[in-house]
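2 protein chains.
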Amino acid sequence: MKPAAESSAAPTEETDRRPLPPGWSSYITPEGLRYYVNSSSKETTWRRPSSSAEAPQRPLARQNSSPYANGCHSGTKKGQPAEVANVSLRKPAMHKQPPGSVSPAKRQIKEVKETKITINCVTFPLPGEGPEQQLLKPDEWSYCDYFWADRKDPQGTTSVTGFEVLLQKQLKGKQLQKEMAEFIHERIKIEEEYAKNLSKLSLSPLAAQEEGTLGEAWTQLKKSLHDEAEVHLKFSNKLHTEVEKPLLTFRGDNFKKDLKKYDHHIADLRKQLASRYASVEKARKALADRQKDLEVKTQQLEIKLSNKTEEDIKKARRKSTQAGDDLMRCVDLYNQTQSKWFEEMVTTSMELEKLEVERIEWIQQHLRQYTTLRHETDMFNQSMVEPVDQLLQNVDPAKDRELWVKENKTGDVRPVDMDI
Amino acid sequence: MKPAAESSAAPTEETDRRPLPPGWSSYITPEGLRYYVNSSSKETTWRRPSSSAEAPQRPLARQNSSPYANGCHSGTKKGQPAEVANVSLRKPAMHKQPPGSVSPAKRQIKEVKETKITINCVTFPLPGEGPEQQLLKPDEWSYCDYFWADRKDPQGTTSVTGFEVLLQKQLKGKQLQKEMAEFIHERIKIEEEYAKNLSKLSLSPLAAQEEGTLGEAWTQLKKSLHDEAEVHLKFSNKLHTEVEKPLLTFRGDNFKKDLKKYDHHIADLRKQLASRYASVEKARKALADRQKDLEVKTQQLEIKLSNKTEEDIKKARRKSTQAGDDLMRCVDLYNQTQSKWFEEMVTTSMELEKLEVERIEWIQQHLRQYTTLRHETDMFNQSMVEPVDQLLQNVDPAKDRELWVKENKTGDVRPVDMDI
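Protein chains in written order, with our numbering: chain A, 258 to 677; chain B, 258 to 677.
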């Protein structure tokens with residue numbers, strides 16, 4: 258789409274004879290309008306650049322290569338991991354066409370059909386068209402590269418944004434973490450019950466009257482149950498403090514609130530994008546109307562069909578120029594919001610990625626603690642049996658008989674024959 | 258006590274001029290009665306031993322050194338342990354006094370007061386008197402040496418025989434063995450309950466949706482609970498077949514019946530002893546009466562106080578001799594029963610001792626099986642945790658992210674700026 262011609266300059270004539278500032282060249286559109294391009298800064302403008310002493314010209318559109326997101330993202334937290342900082346948030350440079358190289362209507366149709374597509378008020382390049390986009394983190398399956406589009410649910414009735422998919426992953430992760438804690442809690446209850454039963458049995462008076470070395474071994478066997486119970490109780494206590502609790506409290510209630518904040522922030526930007534897109538559409542339509550009006554008036558003057566004065570045409574041309582400026586401003590605002598959204602998307606998805614890595618590592622660490630405790634329990638249990646084994650080895654029927662006989666003997670004098 | 262003089266021989270005269278068989282000597286009691294002693298066989302008799310061609314004389318009393326119990330005991334079972342067979346059931350030789358060396362009444366009083374005591378119709382040497390009795394098994398605290406006397410209960414109202422003490426030990430052992438089986442049964446129930454709970458928890462759907470390497474580790478962790486449950490179930494099954502059942506069925510119902518048989522057998526012998534003791538007492542009294550009658554008649558003849566004929570005195574002497582024979586027969590019967598009782602006491606107490614050793618060894622063996630199974634359980638349990646550990650080590654957040662992104666990505670084409 259071509260901007261309205263600058264009112265102060267004739268459409269095709271170079272009125273200002275002064276030389277252009279260094280780097281600037283002057284060109285004419287197929288429609289015959291003159292524009293200026295800075296080959297080094299890639300700036301393009303309808304206004305004739307003045308010498309460097311003047312105030313810098315407002316660029317036709319914010320440069321794609323401008324460092325629009327150099328780290329001042331509001332969501333950025335202290336201690337953000339290096340990998341987030343390492344990703345350049347600059348968008349890769351795109352080919353730049355001079356403004357108004359085709360008629361606005363044609364250009365828009367061409368864009369839609371050939372190189373760009375607008376989804377939910379965000380403009381994307383068409384897949385397979387235009388220059389290939391480079392991944393922000395080509396060596397990783399990073400969230401920041403793969404969640405730009407929206408996804409329709411299987412019924413095709415509602416669609417969720419890529420960002421929502423990321424958020425749901427987080428919420429699900431939190432839920433699974435909670436379920437693991439619940440699982441561990443069940444295990445704790447089983448261990449407690451087991452320990453209680455073993456301990457109770459260890460106090461049973463069954464066969465308490467067994468004596469001697471066998472009695473000692475038996476007493477130790479019963480005692481070992483108490484020790485086993487202690488081992489399992491210790492296991493369940495440690496499971497509670499070292500596994501269940503960390504799993505349960507890691508990312509408490511604040512976590513969901515934080516996720517909601519992210520959600521609202523991104524949603525606000527999407528809303529803003531929609532409103533700015535609407536403004537662009539409105540400005541585009543106003544410009545078209547103004548250009549049509551100017552064309553009609555110019556034709557009428559040329560073929561003397563009306564008594565329109567030059568003054569009228571000048572007025573129409575001025576309005577058309579204003580509408581062009583308006584459109585440029587709306588596009589500019591849209592692009593600003595889009596860039597902010599892009600930046601937010603990248604930063605937040607990387608933050609979510611970091612959270613997910615932390616979650617996995619946290620769970621891994623505490624499940625390893627679980628296996629360590631299990632291992633410990635088996636080791637302790639084994640050592641509980643050893644003294645029983647020892648005493649069982651020492652069981653000596655002859656010794657037991659001796660002890661019992663000493664305590665229970667009635668007399669060692671044997672009967673003799675009766676004499677007459 | 259002196260026997261009545263043999264009717265065929267004058268009280269103090271050696272009527273038979275033939276020489277005595279080798280080894281025999283003739284003596285006269287302080288009362289002037291002749292008796293015969295064989296110095297090699299220690300046989301003592303009132304009758305003059307005839308030459309070796311004649312039938313052997315009935316001994317005065319069964320010889321203490323006779324092998325009266327050389328293995329034909331009715332309770333002896335096939336496969337009786339060597340230690341029982343090794344014990345000689347001969348009673349150690351005792352000093353033998355010639356019969357009738359003191360008057361019957363004096364002799365009996367002397368026995369009771371000085372060297373022998375009769376407890377529950379069994380004659381024992383008095384402690385500290387007479388020759389020391391050697392232990393049957395001097396190197397062991399064997400039952401056969403220490404349960405000859407009876408024991409009064411603490412209240413002193415009833416007394417139990419040594420044999421009953423031994424029997425009660427057996428019954429108590431059987432009871433303790435049953436209680437141990439019961440204890441093991443309780444343990445089995447605890448293990449079953451524990452296994453059931455673990456198995457149930459292993460099937461819980463908690464956190465089943467965890468994906469990727471963490472999901473694999475988590476699934477294995479849950480599966481390991483099932484394996485643990487299996488280990489504990491196997492433990493409880495083996496406890497049942499390899500510990501509880503052997504402890505429960507070792508010496509079943511027949512055992513108590515066998516003990517009762519022993520009990521009855523010994524009790525019968527005791528009863529027989531009592532009845533034979535009574536016979537001895539009666540015969541002793543009859544002899545005393547007859548001797549008194551003979552003495553009175555002899556005195557009357559000497560001082561011519563009566564017109565009693567020699568015929569009357571001969572009759573009284575014959576009756577006295579018969580009463581003496583009767584007493585000898587009764588003492589002999591008593592001694593036979595006492596010997597049988599002695600033999601039965603020794604054999605049975607050694608059998609009970611063998612049973613007790615077997616019981617202790619049986620219990621020892623099966624409790625060792627318990628500790629082996631416990632050990633095995635801990636070993637298996639440890640190996641159940643290993644695959645979980647392995648998978649937890651393999652947890653890789655980057656890989657999990659890749660898997661998840663591949664499955665859930667919505668699009669990698671980023672938004673671009675809108676052109677005018």
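Take these hints with a grain of salt, some might be off.
Any copy will do: because identical chains look the same in the list, a pair fits if it lies in one copy or spans two.
DSS-like, lysine-lysine: derived pairs with alpha carbons at most 27 Å apart [as the list claims (entries may be wrong)]:
no.	residue 1	residue 2
1	K502	K453
2	K457	K491
3	K513	K429
4	K429	K457
5	K656	K431
6	K429	K539
7	K491	K597
8	K446	K502
9	K666	K491
10	K479	K373
11	K453	K491
12	K656	K576
13	K666	K453
14	K435	K554
15	K656	K429
16	K666	K373
17	K431	K495
18	K409	K446
19	K453	K495
20	K539	K554
21	K502	K479
22	K495	K479
23	K480	K435
24	K518	K373
Simulated from the structure, these hints should not be mistaken for lab results.
Verification of the supplied hints:
1. K502 <-> K453: Both. Shortest intra-copy (22 Å) and inter-copy (25 Å) distances satisfy the 27 Å Cα cut-off.
2. K457 <-> K491: both (16 Å within a copy, 22 Å between copies)
3. K513 <-> K429: Classified as within; 11 Å inside a copy, 68 Å across copies.
4. K429 <-> K457: between (42 Å within a copy, 24 Å between copies)
5. K656 <-> K431: Answer is between; shortest inter-copy Cα gap is 19 Å, intra-copy 64 Å.
6. K429 <-> K539: neither (42 Å within a copy, 105 Å between copies)
7. K491 <-> K597: neither (54 Å within a copy, 64 Å between copies)
8. K446 <-> K502: Within one copy only: 14 Å inside, 31 Å across.
9. K666 <-> K491: neither (47 Å within a copy, 45 Å between copies)
10. K479 <-> K373: neither (80 Å within a copy, 50 Å between copies)
11. K453 <-> K491: Classified as both; 12 Å inside a copy, 21 Å across copies.
12. K656 <-> K576: Answer is neither; intra-copy 121 Å and inter-copy 59 Å both fail.
13. K666 <-> K453: For K666 and K453, neither the intra-copy (42 Å) nor the inter-copy (50 Å) Cα distance is at most 27 Å.
14. K435 <-> K554: Answer is neither; intra-copy 72 Å and inter-copy 119 Å both fail.
15. K656 <-> K429: This pair counts as between: shortest inter-copy Cα distance 18 Å, intra-copy 67 Å.
16. K666 <-> K373: Classified as between: cross-chain Cα gap 20 Å, same-chain 109 Å, threshold 27 Å.
17. K431 <-> K495: Result: close within a single copy only, 22 Å intra versus 43 Å inter.
18. K409 <-> K446: Classified as neither: same-chain Cα gap 43 Å, cross-chain 55 Å, threshold 27 Å.
19. K453 <-> K495: Both: 16 Å inside a chain and 23 Å across chains, each within 27 Å.
20. K539 <-> K554: within (23 Å within a copy, 169 Å between copies)
21. K502 <-> K479: Result: close only across copies, 19 Å inter versus 33 Å intra.
22. K495 <-> K479: both (25 Å within a copy, 19 Å between copies)
23. K480 <-> K435: between (38 Å within a copy, 19 Å between copies)
24. K518 <-> K373: Close neither inside one copy (31 Å) nor across copies (108 Å); limit 27 Å.
Taken one by one, the earlier hints fail for this structure at numbers 6, 7, 9, 10, 12, 13, 14, 18 and 24, listed in ascending order.
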